[in-house]
Amino acid sequence: MLEESNKISRRQILQWAGAGLVVNVAGTLLYDPIGRISMPVNEWMGALLLSPQPTPDFPISAIEPDKLIVNSYRGVPSIDPATFKLKISGAVTNPVSLDLATIHQMPLISMVTRLVCVEGWAAIVQWGGVRLRDLLTLAQPLPTAKYVYFKSADGYYESWDLASSVHPQTLLAYQMNGQDLPAENGAPLRLAAPIKLGYKQSKWVTEVVVTSELLPKRGYWEDLGYEWFGGL
Amino acid sequence: MSTIVKKSPLGQPSIVKIFHWVNLISLFGMITSGLQIYNANPVFGGREGIHIPWVVTLGGWLAGGRNWHFAMMWVYGLNLLAYGLYIFWTKRWRDRFVATGDLKALQASSNSKRRNYAWHRIVYTSIIPILVLAIASGLSMYQPVQFYWLASLFGDWQTLRTAHFMTVPLVLLFTFLHSSLALGVGEGKIATAFLKLKNSN
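Residue numbers (our numbering), protein chains in the order written: chain A, 1252 to 1483; chain B, 294 to 494.
Because the hints were derived from the structure by calculation, they are not lab data. We treat Cβ as the ideally placed atom computed from N, Cα and C, and that holds for glycine. Any given hint might turn out to be false.
Over the 10 Å line for every Cβ pair with chain B, so calculated as not near, a few chain A residues [as the list claims (entries may be wrong)]: (1) S1260; (2) P1346; (3) I1360; (4) K1397; (5) A1404; (6) R1469; (7) Y1471.
Negatives, chain B to chain A, calculated, CB over 10 Å [said to hold, decoys possible]: (8) Y379; (9) W386; (10) A401; (11) I415; (12) P462; (13) S472.
One-sided and incomplete, this derived list gives chain B residues near chain A with beta-carbon spacing under 8 Å [unchecked claim]: (14) I330; (15) G339; (16) A356; (17) W361.
Given these sequences and hints, build the entire structure.
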């Protein structure tokens, strides 16, 4: 009697373990179709929630330099700041190509915001740079403009919705934590914005292309499976 | 015998059983996919920290875990909202959650079944703050900028992450206590009443 009940419980344990494995494997196989259903809803929700108002700054004393982890996918590209030009083109009436001296003369915006990584960590950082909005104004986007693409010197690529791109806290930054932006953090220019996850904030940005359509290649990590909107 | 079980006051409407099952399954999905996300950068110790074994994670990698987590949150959240409206609408909240009678019973009653039932209702009621904590801390991490007023209630980011993670052991502890008590009260009739979708005649 006792032996029999032991056998049943052993069988039950095996059944539970088997069911668990099936669920685990199915979870990996099905994540993509699940995302195809849920991501459009979540992206719509993210766009709806996005406030055009700036989020409150943290005090400068709150910065956490030791918490900022350096992530890149191909290492640090070498860029000569003397010959560097930022190109803004696409669906604009006035394509521009700006050197760093010109960009440094534009209004400098400083903000202390939290950078949140998709991996789960976060760091409060002070950023200094120009508003992307101000740069786009120079190029004068066409009324059909809906998306902004960012190409980086290391081959990384990203695309953003226009509303997030013209947010008052979306910067092309060249200062970090009170100093010149270090090369490993994206010098000479990188995207910095509290409203997007870290993978949306391209480093070493060399080209900004305004488009009216979302192109098939939407972003390095997005093309591998991450959500495109990535709002916070 | 079966008619007695069917007419028992413990018999639950199908809608309650559906709420219960959807909650159970979606919470299971939230926990396993949440542990997958956790592994990208463990709450305790960062990248070199304590990782969760892959067998209890869902999604295969970070993007997969996030897809499941942010799909399942709708099922979980909407089910909970529907349940909340239901208990409010049917006035069920009046007699399902812990009441002063339960506390009196624990102090005074020598009836072990009554005492068991009081414990059952106390534990059952505890899931409400646990689920509210899960949602508040989850929303704070999901939209820390748009819901900055909510996120700021949790202090710094590490505290927020820890609070959200704590919902996992709390839910597991709850599940253990709640199911033990449900199986114990009325010789398992409560458990049967809430879990069996079809009455066995």
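Comparing the hints with the structure gives:
1. S1260: 16 Å, holds
2. P1346: Consistent with the label, P1346 of chain A stays out of reach of chain B, its closest Cβ about 32 Å off (over 10 Å).
3. I1360: Given a closest Cβ separation of 17 Å, the condition holds.
4. K1397: 21 Å, holds
5. A1404: 25 Å, holds
6. R1469: Holds, since 14 Å exceeds 10 Å.
7. Y1471: For Y1471 of chain A, whose nearest Cβ neighbour in chain B is about 12 Å away, the distance exceeds 10 Å, so it holds.
8. Y379: 24 Å, holds
9. W386: 29 Å, holds
10. A401: 39 Å, holds
11. I415: Since the minimum Cβ distance to chain A is about 29 Å, I415 of chain B lies beyond 10 Å and the statement holds.
12. P462: Nearest chain A Cβ is 18 Å from P462 of chain B, so the label holds.
13. S472: 15 Å, holds
14. I330: 6 Å, holds
15. G339: 7 Å, holds
16. A356: Constraint on A356 of chain B satisfied, holds at 3 Å.
17. W361: Nearest chain A Cβ about 6 Å off; hint holds.
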